[in-house]
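Asks: Residue numbers (my numbering), protein chains in the order written: chain A, 1 to 528; chain B, 1 to 195.
Incorrect hints may have been included.
[Unchecked claim] Straight-line alpha carbon distances no greater than 25 Å define the calculated DSS-like cross-link-like pairs of lysine-lysine that follow:
1. A:Lys242 to A:Lys521
2. B:Lys70 to A:Lys70
3. A:Lys410 to A:Lys252
4. A:Lys70 to A:Lys426
5. A:Lys426 to A:Lys105
6. A:Lys314 to A:Lys174
7. A:Lys521 to A:Lys8
8. A:Lys242 to B:Lys70
9. B:Lys172 to A:Lys105
Keep in mind the hints are simulated off the structure, nothing from the lab.
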Amino acid sequence: MSELPNEKIDAVIVGSGAAGSHFAARLAQAGKRVAILEAGPARPKDELVSSMLWARRLKGGGAPVLETGKGTVGNGFNAGRGVGGSTMHHYAVWPRLHENDFRVKSLYGRSRDWPIAYADLQPYYDRVQEECGISGDHLAETTRPPGSPYPMPPVPVSVQGRVVAQGFAAMGMKVSPIPLAVNSRSYKGRPSCLWDGWCDAGCPIGALANAQTIHLPQAEAAGATIHPDTEVVRVLTSADGKRVTGVEAMTKDGRRVRVMADVVVVAAFTIQSPRLLLASATPQHPEGLANSSGNLGRFVTTHGAAPIFGLHPKVTTPAFGAFGGQLLNQEHYDDKNAHASSGAFGSYQWMIANALKPNGLLGIAPTRPDLRGPALTKFMEQASEHMITMTGVTEDEALAENRITLSPRKDALGVPLASVDYTPAKASMALWDAAIAEGLEVFRAAGTSEAWNAPRAPMHIMGGTVMGTSATDSVTNSYGQTHDLPNLFVGGAGLFPTSGGVNPTFTVHALAARSSEYLVKNWDSVIG
Amino acid sequence: MPKPESAKPTRREILKAGGLGLLTVTLGGQWVHLSPAEAQAAGAPLAVFTPEEAATLAALGERLVPGSWKAGVLPFVDYQLAAAPEDCMLMIQYLGVDPPFTPFYRTGLGALDAAAQARHQSPFAKLEDAPAEELIAAMAEGKLENWAGPPSPFFYFVLRNDACDVMYGTEKGFAALGVHYAAHIRPPSEWGEIS
C-alpha cells in the first residue's frame, strides 16, 4: 500500500467506486498527482469467493445510516464497502437515460429538470461504452436514444429468457437484448463471461466492467495512489472559506491525517457524500459545505424494485446467466403518464431473466417467506429447476422533503451519522403497483403455473447532491462542480436531479467522464 | 475431519478461516478449524449463545428449514455474531439493523421461548410439531401476544434466511438441489478445509 502523500497534491478523491475511479483515471492521465482515499478495505480479486454469503462483505458496512421515513433507501444493500465501492457488487445493467428523463419538470411539471439534455451526455455515453464494453443490440433495443452501436454482441438467452419473452409476445410487447457491461466475447484484453451467475459476489475474472476492472488500474498506471482503510471525516477549507484545501481522514491504525490538494472530489456514494459535506460545516458555511441553497441532502430518490417470480413447466436452470438479466423491455418508458389513470407517474423498465441462486436476498428462498418446513423443501427442489423472474426498475418522483440530514448520534470517529427521511411519493407507489400488475400478467401469459411478486424494495440511491443551473436551488453545476466552492467537485448518482427508470451506473460514468474532461480543460481557473 | 493446528493461530488466520465460513475453536486444548456442520457434530463451545438460546435457535432453524440443524445453523450464526461486524456474513448486516447484532438474536430467541412458556409451559425446543408450528405461524404473522423482541415477522424472516444460507448456500446445499455450483473461486470444502 502506498504511503499517504505528505506534500500537497493536485487532487484528492474521496471514494473509489464508479465516479471516484473514473475521475482518478482521467486526472492522473492528464498528468495530475492524484490520491484516492477509500474508507473500506482492499478487495483483492482472489478473495471474491463465489458465494452468496461472501457477497455480503462487499455491501453496506461502515457507519450505520439511520432511516426515519415511511420508506427506506436501503443503504446497507445498495452501498459498497471496499476498493471499487458498489461497482464491486453491481450487475452492470447499463441502459441510458432517455431524453424525457432530463426534462421531467418542463415536460410534466413534476420532479426536476437536469441542467443538461440527453444530447449533452450522448458523446460521453458513447465514449464510456467503447472504453468499458457493453454487450447488446442497439437496433433491437428500439427504445434506446441515439448513440453508437454496442461494441459487443448480446448476451446469450437461456430457456428462462425465452419463456418470459413468450409472455411479453403474447401480450403484444417486445423485448430486446439487455445492455450489459459484461463481456459476451473477449474485449480489450478482458475475457468473456462464463454466465455462471456470480455477479453479486464480485467478478474475479474481469468480464464485468467495474472500478477494479477498468478505471482503478488506469489510474494507478498513470501514477495515482489508492489508500484503502482511510476514512475521510472532514473536507477542509481555507481561512476565508472560499476554497477547499484538502481532507482530514482517519487511518485504520487510528492516525488522524490530512491530505492537502488543489481539488477535492467527493464521490463517497449517495448517502455518505452529503453526510461528509454537512459534517464539514465551518463558520463561513454553517449549514455544511456547498449548501447555500439549502438543498444539500434533498431530493433523495430510489428506484422501487418490482420483482416478479413464477414457476414454469419447462426446466429453466435459473442459477445461470447474468445477475442483471438477459433481456430488456421498456414498453411504456417514454410516456411517464402511461399509467396516470391510477395516479401513477414515471417510467419503468423490465430486466428479464436474472440469474437466481438458491439462497441470498435476491435468491430463490426468500421469494416465498410464507413457506417453511417440508413445504419449503419441496418448493426449493421445484424452483431451482423451474423458476423464472424479472425485475421492474420504477422511477421515483424527486421530492424536497426526502432528504439526508445529520443525526445527533455520532460514529466511532466522532462524525454525526446520516439520517435519511424518505417516504416515496404516492405517484411512485402507484407506478410500482402498475408495474407489478403488468409483470404478473406477463408471467401468466408466459404459461407459469404460479406467479407472485416481492414487496417494493429500494434499488439504487440517487439525489442528495443534485446538479442544476442555479446556485439558489442546486448543489452543483452540470459538471458536478459545487456552486459555492469552485475547487470542490461531487461525483456519483447523488448528482441526479431525477431518478429515471434505468440503472444509474452508466450515467454515473458518463457524468464523471464529462466532469473530469471539464476539470482538466479548466484546471487553472478551477484552482484559481 | 477437524484439522489440528500446531500453534495458536494469528488473528489474520482466524479472520481468514472465518471468512471461509469456518470456525476456529479450542477442542481438547488444540486449535482446530471446523466447518459449521463439523462443529455441530463435535458439540463445539459457543461464543455467544447460552445453552437455552442455542436450543431455541437450533430447533427454530430446523423447523423452518429441515436439515439446517445438521448443516450447522447454530454454530454458523454463533460464530458470525462473534466476528467483527465488518466480517459478519449474516444477511442481517444489510437489512438496516445497527450492529452489534447479538441483541437482535438474543431478544428474539428469548421472546419466542417466553411465548412457548406462556402458551404451553414448555421451552420452544421441546414443543411437539403442532404447537411449535402454531407458534411459528403466529410469529410470522406478528400475532404473538406480549412479544418482547424485534418485530416478530422480521425475526422470522432473518432466522429463516440464516437457516436457508446454511442449508442451501453451500456447495453441498446446491448439490442437494441438483444445482451445479460452478464457482469462479470455490468456498473451500463444504464450507472449507484450510489447505
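Asks: Straight-line Cα separation of Lys70 (chain A) and Lys426 (chain A) no greater than 25 Å?
Replies: Satisfied, since the Cα-Cα distance of roughly 12 Å is no more than 25 Å.
Asks: Is the Cα-Cα distance between Lys70 (chain B) and Lys70 (chain A) 25 Å or less?
Replies: Violated. Lys70 (chain B) to Lys70 (chain A) sits at ~40 Å, over the 25 Å cutoff.
Asks: What's the verdict on Lys172 (chain B) and Lys105 (chain A), does the C-alpha distance respect the 25 Å limit or exceed it?
Replies: violated (53 Å)
Asks: Take a quick look at whether Lys410 (chain A) and Lys252 (chain A) sit within 25 Å of each other, Cα to Cα.
Replies: Judged against 25 Å, a Cα distance of about 18 Å means the pair holds.
Asks: Hey, Lys521 (chain A) versus Lys8 (chain A), does the alpha-carbon distance stay inside 25 Å?
Replies: holds (21 Å)
Asks: Would the pair Lys242 (chain A) and Lys521 (chain A) pass a check requiring their Cα atoms to be no farther apart than 25 Å?
Replies: holds (22 Å)
Asks: Measure nothing beyond the straight line between the CA atoms of Lys426 (chain A) and Lys105 (chain A); if it is 25 Å or shorter, mark the hint as holding.
Replies: Holds - the C-alpha atoms of Lys105 (chain A) and Lys426 (chain A) are around 17 Å apart, at most 25 Å.
Asks: Within 25 Å, alpha carbon to alpha carbon, are Lys242 (chain A) and Lys70 (chain B)?
Replies: Given that 25 Å is the threshold and the Cα spacing comes to 64 Å, the pair is violated.
Asks: Compare the distance between the alpha carbons of Lys314 (chain A) and Lys174 (chain A) with 25 Å, and conclude whether the hinted pair is satisfied.
Replies: Distance of about 21 Å is within 25 Å: holds.
Checked against the numbered hints given earlier, this structure breaks hints 2, 8 and 9; the rest are met.
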